[in-house]
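Chemist: For reference, the chains in residue letters:
2 protein chains.
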Amino acid sequence: MSDIGTLYGVGVGPGDPELITVKAFRVLKESPVIAYPKKRKGSKSYAHAIAEGYLHEQEKERLGLVFPMTKDRDILEREWHRVVETVWEPLSRGKDVAFVTEGDPLLYSTFIHLMRLMNQCHPEVEIQVVPGISSINGVAARLGLPLADGDETLAIVPATDDHEQMKKVLQDHACVIFLKVAKVIDPMLRVLEELDLLDRASVVTKATSSEERIWKEVSELKRAELPYLTLMVVRK
Amino acid sequence: MSDIGTLYGVGVGPGDPELITVKAFRVLKESPVIAYPKKRKGSKSYAHAIAEGYLHEQEKERLGLVFPMTKDRDILEREWHRVVETVWEPLSRGKDVAFVTEGDPLLYSTFIHLMRLMNQCHPEVEIQVVPGISSINGVAARLGLPLADGDETLAIVPATDDHEQMKKVLQDHACVIFLKVAKVIDPMLRVLEELDLLDRASVVTKATSSEERIWKEVSELKRAELPYLTLMVVRK
Numbered sequence: 006m007s008d009i010g011t012l013y014g015v016g017v018g019p020g021d022p023e024l025i026t027v028k029a030f031r032v033l034k035e036s037p038v039i040a041y042p043k044k045r046k047g048s049k050s051y052a053h054a055i056a057e058g059y060l061h062e063q064e065k066e067r068l069g070l071v072f073p074m075t076k077d078r079d080i081l082e083r084e085w086h087r088v089v090e091t092v093w094e095p096l097s098r099g100k101d102v103a104f105v106t107e108g109d110p111l112l113y114s115t116f117i118h119l120m121r122l123m124n125q126c127h128p129e130v131e132i133q134v135v136p137g138i139s140s141i142n143g144v145a146a147r148l149g150l151p152l153a154d155g156d157e158t159l160a161i162v163p164a165t166d167d168h169e170q171m172k173k174v175l176q177d178h179a180c181v182i183f184l185k186v187a188k189v190i191d192p193m194l195r196v197l198e199e200l201d202l203l204d205r206a207s208v209v210t211k212a213t214s215s216e217e218r219i220w221k222e223v224s225e226l227k228r229a230e231l232p233y234l235t236l237m238v239v240r241k
Numbered sequence: 006m007s008d009i010g011t012l013y014g015v016g017v018g019p020g021d022p023e024l025i026t027v028k029a030f031r032v033l034k035e036s037p038v039i040a041y042p043k044k045r046k047g048s049k050s051y052a053h054a055i056a057e058g059y060l061h062e063q064e065k066e067r068l069g070l071v072f073p074m075t076k077d078r079d080i081l082e083r084e085w086h087r088v089v090e091t092v093w094e095p096l097s098r099g100k101d102v103a104f105v106t107e108g109d110p111l112l113y114s115t116f117i118h119l120m121r122l123m124n125q126c127h128p129e130v131e132i133q134v135v136p137g138i139s140s141i142n143g144v145a146a147r148l149g150l151p152l153a154d155g156d157e158t159l160a161i162v163p164a165t166d167d168h169e170q171m172k173k174v175l176q177d178h179a180c181v182i183f184l185k186v187a188k189v190i191d192p193m194l195r196v197l198e199e200l201d202l203l204d205r206a207s208v209v210t211k212a213t214s215s216e217e218r219i220w221k222e223v224s225e226l227k228r229a230e231l232p233y234l235t236l237m238v239v240r241k
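Quick mapping for you: the protein sequence lines, in order, are chains A and B. For the record, in the first sequence the residue sitting at position 84 is 89 according to our numbering, with numbers rising by one throughout. For the record, in the second sequence the residue sitting at position 149 is 154 according to our numbering, with numbers rising by one throughout.
It is possible that some hints are incorrect.
[As the list claims (entries may be wrong)] Pair ranges (Cβ atoms, derived): (1) R31/A x K227/B: 34 to 44 Å; (2) Q133/A x D156/B: 22 to 32 Å; (3) R31/A x R67/B: 23 to 33 Å; (4) E225/B x Q63/A: 31 to 41 Å; (5) S215/A x C126/B: 26 to 36 Å; (6) R205/B x E217/A: 30 to 40 Å; (7) D201/B x G155/A: 22 to 32 Å; (8) D79/A x D201/B: 50 to 60 Å.
[As the list claims (entries may be wrong)] Residues of chain A clear of chain B, computed beta-carbon distances all greater than 10 Å: (9) E57; (10) H61; (11) T75; (12) R121; (13) A187; (14) E199; (15) L202; (16) T213; (17) A229; (18) Y233.
Note that these hints are calculated values from the structure, not bench results. By construction, the Cβ of each residue, glycine as well, lies at the ideal position given by its N, Cα and C atoms.
Build the full structure now, drawing on both the sequences and the hints.
Modeler: Next comes the structure, spelled out in structure tokens:
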């Protein structure tokens with residue numbers, strides 16, 4: 006018996022509100038407090054918008070958490086502790102908190118930091134994760150592209166401008182998903198060109214959402230300005 | 006305007022029936038024909054059992070598809086064509102067919118073969134994929150284990166007894182998911198031992214289902230008999 010609430014990490018999927026699971030829907034309905042990340046004060050998160058579609062007219066406490074976007078370690082430390090204490094407050098009153106995240110809570114998500122720090126500061130809090138459809142599976146579905154089959158291997162890699170490293174991962178795996186390609190699209194195109202893989206690549210942003218965009222002629226993206234959450238799939 | 010039905014590849018998730026998406030649920034309800042893989046005549050598939058939980062009392066045509074389990078190319082070819090023609094039959098009558106798969110339809114799933122061969126034999130059929138929670142995200146949620154964060158990379162690899170290849174992928178990535186480890190558990194344990202990663206590995210079978218089993222002391226698994234769909238997560 007515990008008088009402390011449970012913290013749920015709830016994946017709400019890649020963008021299409023129908024790609025939420027039955028379990029995520031139930032946990033959102035049952036949790037008296039809904040927490041969601043926001044980039045800066047006043048902005049509405051993508052995950053929050055999906056969740057709200059299922060919560061309209063429901064009386065809930067809402068916790069909008071502003072995550073630190075700095076590399077200054079002192080500020081980071083202080084701001085992260087502030088976030089954890091904000092979530093701890095309703096938990097300490099025995100209320101369950103559902104923290105919503107885009108995609109899956111354990112794959113490149115802010116929930117990972119929250120979970121780690123909550124374990125550290127308030128180890129008595131029970132934490133449960135409700136998995137979500139990641140953007141990777143969302144993209145594959147929209148492209149009708151098999152990610153891996155049989156004895157093939159798949160790698161998921163944040164894109165960088167390290168030419169040799171990007172080349173190596175493409176040589177090692179049948180399929181590679183490069184995350185956050187926007188800032189390094191030109192170096193990425195040079196790697197694809199060198200390996201003669203330009204026609205095996207697709208670039209996708211906000212897959213499955215109403216703002217989805219898909220580029221299949223990736224060589225046209227030279228010097229293009231792409232949204233932050235853009236990814237590239239290369240299938241050899 | 007087409008008089009031909011649509012073929013849906015519907016991921017029903019890793020095992021917990023609540024981990025089906027709202028979209029998968031709707032597509033199953035709306036499709037007059039439900040197709041599912043079965044290993045041999047008479048056996049019931051895992052995916053089919055999950056789907057049936059949502060379909061009870063509904064009047065549907067059911068197509069149980071026996072997939073060829075041989076390496077003989079002539080038999081494979083003939084049997085696969087038989088499967089495709091079985092699915093084509095209701096499609097040709099204008100009926101939508103929902104083919105249910107465990108996990109995600111585009112990640113190591115029999116749907117990949119069905120899709121490829123349908124494209125080849127009946128290119129006029131529209132194919133749509135409803136992504137599902139893969140066992141990988143299911144396992145992470147049950148272990149409370151972050152798969153990757155920040156600039157970390159993740160690899161998904163069918164396990165083999167190729168010591169050097171398994172070692173290399175573990176050296177190259179922060180996290181590796183090895184699929185189908187049952188047949189090669191002893192060689193896999195030797196790789197982990199050599200890299201001093203035994204305490205960073207977990208072995209899981211049927212994650213999120215009522216038959217789930219989790220082993221965190223993997224060194225105890227030497228010479229163990231494990232179920233076919235067992236996977237191993239190694240997080241450095």
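Chemist: What are the numbers of the hints that this structure violates, sorted from low to high?
Modeler: 4, 8, 12 and 16
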